[in-house]
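Trainee: Go ahead and model the full structure; you've got the sequences and the hints to work with.
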Amino acid sequence: MNAAALPKRTTAGSQAGGFCGHCGEPDDGGTGPASCIHRRCGELMALEPPRYCPSCRRRMKVQVTPLGWSAECSRHGVLVP
Amino acid sequence: MTIQANAPTSENTSKNTGDANTTEARYEILDTARRQVLEDGIGLTQEQLVEVLRLPDEALPAALQLAHEVRLKHCGEDVEVEGIISIKTGGCPEDCHFCSQSGLFDSPVRGVWLDIPELVNAAKETAATGATEFCIVAAVRGPDIKLMNQIKFAIDRINEAVDINIACSLGMLTQRQVDQLAEWGVHRYNHNLETARSYFPEVVTTHSYEERLETCNMVKAAGMELCCGALIGMGETLEQRAELAAQLAALEPHEVPLNFLNPRPGTPLENQGIMDGRDALRAIAAFRLAMPRTVLRYAGGRELTLGDLGTREGLLGGINAVIVGNYLTTLGRPATADLNLLVELNMPIKELQKTL
Ligand code: SF4
Ligand SMILES: [Zn+2]
Ligand SMILES: [Zn+2]
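Respectively, the protein sequence lines represent chains G and X. FYI, the numbering for the first sequence is 34 to 114, going by this note's numbering. FYI, the numbering for the second sequence is 1042 to 1397, going by this note's numbering.
Simulated from the structure, these hints should not be mistaken for laboratory data. Don't take every hint at face value.
Stated by the list, open to error - Listed next, the in silico DMTMM-like pairs over lysine to aspartate or glutamate satisfying Cα-Cα at most 25 Å (straight line):
| no. | chain 1 | residue 1 | chain 2 | residue 2 |
| --- | --- | --- | --- | --- |
| 1 | G | K41 | X | E1166 |
| 2 | X | K1165 | X | E1135 |
| 3 | X | K1261 | X | E1121 |
| 4 | G | K41 | G | E58 |
| 5 | X | K1165 | X | E1121 |
| 6 | X | K1193 | X | D1147 |
| 7 | X | K1114 | X | E1080 |
| 8 | G | K41 | X | D1156 |
| 9 | G | K41 | X | E1121 |
Remember, it's a predicted structure, so these values are computed and weren't measured experimentally.
Mentor: In structure tokens, the structure reads:
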């Protein structure tokens, strides 16, 4: 799949009702009890890009560069910081 | 006056008397290091390094101060800034137990290749931070023809686009590959020892320490600068940490990147805790006292192990180079945070000296 053809999305606002980008488990985006188990995941994500698509929990293709990163889900497009 | 290592002098340790200057304890190993390393430029031996790594917390500021003086005298005040990038991520056939890029573990890191335009763009962005080094890394046992061709192409495109020294880290090399990289103008090659010889079999089983040393020696013999690093906090003993520093010193690498374990999900070391920040600082001082003239670089894991305060202490404790921005699969602190810190500490960024 050509990443350029997919829409670019940012992580902001993409979590609710989906999956944790760090561990891939269901995440209610901070609105219910599931968010508690991901507090540590959230802290860790300050120092690492998401690995799981927040929409479908597929493992994403992640590219880290010195000043940025991008994470591509084959279904849901490219996430950028 | 001095007495035994680890034992402060009795006359000066009373907590209630006098000002801080007169209560400062003295440690024999630091006095020895002042003469041997600072004045004579001779690194500490393995046994001496164990003493440094065992210094109590009260002695840490003095150890860091001495390491800083050694760095200033033998390396100068410049700090070398580097950016690193992964051209081929994940799917490595090796089993380094700390690594999220091994294909043998159930890690969330997926295999991916970076395309050359993105690589060139990253080189430009890196150079714009003032960095003089750009290191291209691949998660492989050693390069195949496809990777070598990609590297040659990447080097040419980067050289057309931007002025920056190019380094590579592509695993174990054959003599022919060493010669090719040298011919293409790769000025530095990274190949880490990672850990002490005596601990290596606990951490890697798919290749040997000797194979690592072979690549390191070929790189040096070909006239490339050798960058050979350490990863500490993997459960090695202090003696093994000293052993590693001594084994690195014996190789006389141009640069030593110092990594602190960042335990990665899915790897055999995922439950190893993050090492204590003071132990990390003791290690920084010890590595500098083992290798007075080497470029000693902050590499991965410092954000977790040392935090902002520790980062600063290390830069005033023997470190004279940084990886700026992100790492290969994890993120660093913002490049501006490090660059601003260098300005604040009055440490100039080393300028580009291209040897063509
Ligand atoms: S050789 Fe390098 S990329 Fe491969 S598992 Fe070891 S550290 Fe990771
Ligand atoms: Zn999570
Ligand atoms: Zn998806």
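Trainee: Next, verify each hint and record whether it holds.
Mentor: Cross-check of the supplied hints:
no. : hint                : result
1   : K41(G) x E1166(X)   : holds (21 Å)
2   : K1165(X) x E1135(X) : violated (31 Å)
3   : K1261(X) x E1121(X) : holds (20 Å)
4   : K41(G) x E58(G)     : holds (23 Å)
5   : K1165(X) x E1121(X) : holds (17 Å)
6   : K1193(X) x D1147(X) : violated (32 Å)
7   : K1114(X) x E1080(X) : holds (9 Å)
8   : K41(G) x D1156(X)   : holds (18 Å)
9   : K41(G) x E1121(X)   : violated (35 Å)
The structure fails to meet hints 2, 6, 9 from the earlier list, while all remaining hints are met.
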